[in-house]
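Enquirer: Sequence:
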Amino acid sequence: MALPLCLRAVSIALVAALLYCVPMTTLGQQETPRQRSGRAAGLVPKSRVTPHWFADNTHFWYRNDLAGGAREFIVVDAV
17 MALPLCLRAV SIALVAALLY CVPMTTLGQQ ETPRQRSGRA AGLVPKSRVT
67 PHWFADNTHF WYRNDLAGGA REFIVVDAV
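For any residue, its number in my numbering is found by taking its place in the sequence shown, counting from 1, and adding 16.
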């Protein structure tokens, strides 16, 4: 028996949504946030921030590694 047209459309949309939501990993294997960020680390410039806090705990600094071996130091007021 053939499904009505609207039911077929809903079925196709549901299957497409389910396929879109399934992670593209091996069955039983999940990616951790650290694994995901590792893939993007080289693609997103200035994406790594390792804070070095000052003694007052209201400011920190971090370093950006730039092209050609140059470095940039940033001070952040965290208040």
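Please note that the accuracy of each hint is not assured.
Below, simulated SDA-like cross-link-like pairs (lysine to any residue); rule was C-alpha separation at most 20 Å, straight line [what the hints assert, rightly or not]:
id : residue 1 : residue 2
1  : Lys62     : Arg24
2  : Lys62     : Gln46
3  : Lys62     : Gly85
4  : Lys62     : Ala29
5  : Lys62     : Trp77
6  : Lys62     : Val91
7  : Lys62     : Val26
8  : Lys62     : Asp72
9  : Lys62     : Ala94
10 : Lys62     : Arg79
11 : Lys62     : Ala25
12 : Lys62     : Ile90
13 : Lys62     : Ile28
14 : Lys62     : Gly84
15 : Lys62     : Asn80
16 : Lys62     : Phe76
17 : Lys62     : Leu82
18 : Lys62     : Ser27
19 : Lys62     : Leu23
Here are the in silico distance ranges between beta carbons for each label pair [said to hold, decoys possible]:
id : residue 1 : residue 2 : range
20 : Val92     : Gln46     : 31 to 37 Å
21 : Thr48     : Val92     : 23 to 29 Å
22 : Val26     : Thr66     : 45 to 51 Å
23 : Ala25     : Phe76     : 43 to 49 Å
24 : Gln46     : Pro67     : 27 to 33 Å
25 : Val26     : Gly85     : 55 to 61 Å
26 : Trp69     : Gln46     : 53 to 59 Å
27 : Ile28     : Phe70     : 57 to 63 Å
Note that these hints are calculated values from the structure, not bench results. Backbone N, C-alpha and C fix where the C-beta goes; we use that ideal spot for every residue, glycine too.
Enquirer: Under the constraints set out in the numbered hints, which ones does this structure not fulfil?
Expert: Numbers 1, 2, 4, 7, 8, 11, 13, 18, 19, 23, 26, in rising order.
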